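Asker: One-letter residues, chain by chain:
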Amino acid sequence: MVDQALLSLAKFLPEITLAITFCLALLVGVIFRSRPRLSMWVALLGVVVSIALTIREMGITESVFSGMIAVDPFATFFKLIVGSSAIFIFLFSLYSAEVLSTMKRLVEYSSLLVAMTLGMYLMVGATNLLMMVLSIELTGLSSYVLAGYTKEASDSSEASLKYIIYGALSTGLMLYGISILFGLTGGAMDIYAINRALVTSPVNPIALLVASLLIIAGLGYKISAVPFHFWTPDVYEGAPITITAFLSVASKAAGFAMLIRFFKIAFIDSSAVGLPAGIWITLQGFEWNKIIAILSVLTMTLGNLVAVWQNNLKRLLAYSSIAHAGYMLMGLAILSDKGIAAVLIYFVVYMFMNLGAFYVVMLVSNKTGSEDIDSYKGLGFRSPFIGVSMVIFFISLAGLPPTAGFIGKLFIFASLLDAKWIWLAVVGAINSVISLYYYVRVVRNMFLRDPDENSGPLKFSVPEIVLLLLLVVPTLLFGLYYSPIVDFANASARMLGVH
Amino acid sequence: MEFVGIGVLSWITFLPIIGMILILFIPKENQKAMKWTAVAATFLQLVLAVMIYFHFNKGSLGINTQEGMQFVEKMSWIDIRGVPWFGRIHVDYFLGIDGLSVPMVILTALISFIAVFASWKIPKALKGYMAMLLLLDTGMMGVFVSLDFFLFYVFWEVMLLPMYFLIGIWGGPRREYAAIKFFLYTLLGSVLILLAMIALYFSVTVPDGATGERMYTFNMLAMMNPANFQPGTLLAGVGTYWRHLAYIALFIGFAIKVPIFPFHTWLPDAHVEAPTAISVILAGVLLKMGTYGLLRISYPMFPELANYYSWALALVAVINIIYGALCAMAQQDFKKLIAYSSISHMGIVLLGMAALNTQGMIGAVFQMFNHGTITAMLFLIVGVIYDRAHTRDIDAFGGLAITMPKYTGIMTVAFFAALGLPGLSGFLSEAFSFLGAFQTHRVLTIVATLGIVLTAAYMLWTLQRVFLGQPNEKWASLPDINGRELFTLVPLAVIVLVLGICPSLLLDLMTSSLNHLVEVVRAGAVL
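Chains as they are written, first to last, in this note's numbering: chain A, 854 to 1352; chain B, 2 to 528.
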């Protein structure tokens, strides 16, 4: 037992690094009170090390801590997404007027970001119901505080409060669902054991449906799927931009990882024989993928339609991120490894373009103090480079070639058509047309409208521009040459199998 | 044909991009340098187009045979192997032209060159304007030379954004509305094309040259061979439900671009608001991409449905012809009139295509080229008068023939070419189209000929109101057309005249390919 735990520790190094970093960042903050930036650098370094250690784990497929956590390519992939987003967020924070204005709380900010990252690292690998709930809570608690980080601003506290209330409610629902499932399967906590129990002795389908709906409610809240999305716009608008960006990418990624892993392991008919490679089927009499499909249609349609009416750019991006969750849910509904691979491809792309869009919002808000669409008037002439970058991120979000966003959509649609889910593909395609409208509204303000008088050119420092390039270049490059991300995603679509 | 180891089609496609990059590095004040860089890029492109014209082998078939394609460049662009569940993903950088695309390549190079001169007096942000114009140029040229569906789609979409900006930033008073309308309409068409493209991709496999392993492909030529459709896939078989859906999706996608009634409403708005040079490109080249797509993709890949739906195509063609002409007749705005006349004239292209015989097909493609040159002239002519009088109200003018004689002379050529006067190029292509269509769709063709009368009516009526009659005092001092404007119009007028007398200069290039296209479509099963 002890031996096994020790062996497991060796596969747990990225998480251990983050845990140590969390403590160190706090400690450094206490010791060097006058230099709060130092703990941010410590945190950044810790995340970098954890990524390096994660890369070492590539290709490993193993279960650690007696079936609590899986270390497999799928988890590694999501750890890399979460970790890289965290690095970008730290770099953004170095230039965020909002974050730097409350210098003395920078220590908490940095350490909580690390804690949140740690929570997500655990979420993406959790294979035990208990571990799932614990990791969701760790992520949630850190993010509630971070959402209210600029507590002097009333909407920030409001955001934090809303986030907690919705978070508590959804975790409650999920726990209730888990307890039903626990009862149904005769006390199984491990998702593989749950699957075995469900396959060998069929249970009351209504009870199973209720349990899974409650669990979907909990996870749907994390990925902000409609109708569990109500917190998203307010929290995204109220939280500091850096945190909003992190929530919209990393938190969503972790939620998706957990959702996919849970449904793919627990609720498929693992006893089925003779299926083509990479295709799965649902449990007899419980076609949960239909629920996911309906959820995806609701999510993308509502996200896109409501985004059209938004005038605050953070809110607009919040609804746009809801819509993107809808596109990605389509990949899960088709029950194939192709669909999962498509979701993974989408996440790589989504990370660059969505972080990029938020970064531009942050840069502009640093200078103008506003996130209103009207303050973007003539931005393309006030700062051509920023304007053009934003256009690239937006057409990528809308899914037009030659940007990476197109590749993301292409593979989602490809996997849908391959599985003959034509109607869903058509809904997705029409949605991407709707989405173009609101993205272009911002582009229109930037380029088609003249700047207000007495607003001169905006100047940005060299590091700010370099950081922007780090996001623009991949967004364009992966649109023209996407072999690396497709290879990477395909290699990562492998999960720890049923044992 | 190669220069510095790079094929001529790559050069002709990417020269404008090189120009664009150069322009981005020119300081803001140096407007002259920007203009002349744009001129240089498009001029070199035109020179290459002329060289292609002279080196083009007139006898080769093209369409669905790679040996029949000319100036072929084929390189592996994306190759993802060893993926157990996606199959092997393979995209080629595959360029080539045949008799169907060569007139479009020449037209694109010509119109782009002229558009740069028509943009000489752009009042603001010249750098951005020229950059966008050249990017648009690359997109258009790319569409006509791509033989890989993925590549085709990328070029097809690359055009959207520059066009949006060109209308939206440099357009007229309602430019924002017109620009977004154009963008949304065409994107709607594009996503339908995208879905059809993916469905085709998952239905067609070809053996890998080296290993013989079967792999999915975006190669358009492979998609035209029914033997490559794997049994059991989405689009396998003949005339199945899914094939109908895919054909209709492609049709709507291309129809929006043409534009075919009832998807045409973006066109008048876009034309009225766009600056002159952009209207010229829009009418001269962009509209042709719709019909080109139908001929290059829909027809040879779904031959049985091309046959099956030919009557429907003829029907919308007639609606386009008559409806466009009637709308044109009702217009007060000079530019809107030309825009609706475009809809009417594109109807003739569609009618020729629907005929599914050699005469009709030649008429259609020849009409695509002629409409490009003639409508470009008409828009340039409107631009000239608008630059001087700042109004396009037809009734506000009168007797311009007295104040602007040279202008009236060149305008007459364009107007008569547009109404199909024998001896000018427009007549021949219309005659071929009607001749072809009469054999297959007799009644509809007879109805369509009504369009000729209507066209003559609105063209002559406009000519009368603007140029003849009592001179309007207000415009007595308008200067006549200047040298630069003449330079944009005269080459087009010469082409219209020469092709009217000696059409074989262009027809010889395309006849064998179009013959072959008709054979390919005719070989499709009858449903």
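FYI, nobody ran anything at the bench for these hints, they're computed from the structure. Be a bit skeptical, because a hint or two may be false.
Stated by the list, open to error - Here are the simulated BS3-like cross-link-like pairs (lysine-lysine), alpha carbons at most 25 Å apart as the crow flies:
id, chain 1, residue 1, chain 2, residue 2
1, A, Lys1312, B, Lys125
2, B, Lys182, A, Lys1230
3, A, Lys1273, A, Lys1117
4, A, Lys1230, B, Lys128
5, A, Lys1312, B, Lys29
6, A, Lys1230, B, Lys29
7, B, Lys128, A, Lys1312
These figures come from a predicted structure and were not determined experimentally.
Asker: Report the numbers of all earlier hints that the structure fails to satisfy, in ascending order.
Answerer: No numbers; nothing is violated.
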